[in-house]
Amino acid sequence: GQSLEQPSEVTAVEGAIVQINCTYQTSGFYGLSWYQQHDGGAPTFLSYNALDGLEETGRFSSFLSRSDSYGYLLLQELQMKDSASYFCAVGASSGNTGKLIFGQGTTLQVKP
Amino acid sequence: DGGITQSPKYLFRKEGQNVTLSCEQNLNHDAMYWYRQDPGQGLRLIYYSQIVNDFQKGDIAEGYSVSREKKESFPLTVTSAQKNPTAFYLCASSVGIGETQYFGPGTRLLVL
Chain A
23 GQSLEQPSEV TAVEGAIVQI NCTYQTSGFY GLSWYQQHDG GAPTFLSYNA
73 LDGLEETGRF SSFLSRSDSY GYLLLQELQM KDSASYFCAV GASSGNTGKL
123 IFGQGTTLQV KP
Chain B
29 DGGITQSPKY LFRKEGQNVT LSCEQNLNHD AMYWYRQDPG QGLRLIYYSQ
79 IVNDFQKGDI AEGYSVSREK KESFPLTVTS AQKNPTAFYL CASSVGIGET
129 QYFGPGTRLL VL
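These protein sequence lines map, in sequence, to chains A and B. Each position in the first sequence, counted from 1, maps to that position plus 22 in the numbering used here. Each position in the second sequence, counted from 1, maps to that position plus 28 in the numbering used here.
Derived from the structure by calculation, the hints contain no laboratory data. Small disclaimer: the values here were computed from a predicted structure and weren't measured. Backbone N, C-alpha and C define an ideal beta-carbon position, used for all residues, glycine too. Hints are supplied without guarantee of correctness; some may be wrong.
[To be verified] Beta-carbon label-pair distances, calculated as ranges:
id, chain 1, residue 1, chain 2, residue 2, range
1, A, Arg88, B, Gln69, 22 to 32 Å
2, A, Gln41, B, Gln45, 15 to 25 Å
3, B, Glu97, A, Leu76, 37 to 47 Å
Modelling step: build the complete structure from the supplied sequences, incorporating the hints.
Take a look at the structure:
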């Protein structure tokens with residue numbers, strides 16, 4: 023089957039660094055995405071990795087290792103507004119079509 | 029501004045009633061998607077469409093129906109066959125299937 027695993031909850035303090043891991047098991051993998059969702063809001067796109075390595079976008083970075091079926095989202099200089107749920111999503115094939123498969127989400131709580 | 033709109037923001041359904049959720053995008057994206065999100069859970073795919081006049085069932089299509097008569101529009105009907113429709117419904121679109129998805133603001137459906 024196809025599945026993604028990420029921690030359900032992470033807590034960190036303001037100004038710290040936090041890493042949210044994501045492991046996946048899919049067929050026809052073609053990219054790992056990360057989305058942020060604030061309570062009651064819609065998911066917003068954060069980053070995308072198609073190849074191995076680190077992608078940096080401001081305070082957020084995302085890493086992918088295809089050989090390990092593993093990726094992570096790194097959030098630096100945490101701010102209170104970063105408190106949200108973070109979803110990893112994998113582009114995977116199903117039959118002759120492709121779609122995104124989402125993880126269950128990690129709730130990040132940033133404390134003062 | 030380009031984006032995805034969903035209406036209404038809140039929708040109430042009576043027992044035995046069909047209701048239709050609207051989703052419109054002006055991003056010129058070919059692919060569109062409908063997800064259901066229950067409290068504290070991830071996103072589950074209901075239906076998706078790669079191109080006009082074509083759509084595929086997702087993981088939880090039972091009790092739902094869609095149409096894709098125009099590129100810009102992908103309405104979702106929650107039928108009376110859906111016995112537990114209370115959820116947050118999210119529409120998304122992407123340039124192509126499996127690529128980065130951009131979400132609308134969502135519709136909360138409640139059963140009276």
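*Range hint 15 to 25 Å: satisfied by the CB atoms of Gln41(A) and Gln45(B)?*
violated (46 Å)
*State, for the Cβ atoms of Arg88(A) and Gln69(B), whether the hinted interval 22 to 32 Å holds or is violated.*
holds (27 Å)
*Okay, Glu97(B) versus Leu76(A) on CB: inside 37 to 47 Å?*
holds (43 Å)
Taken one by one, the earlier hints fail for this structure only at number 2.
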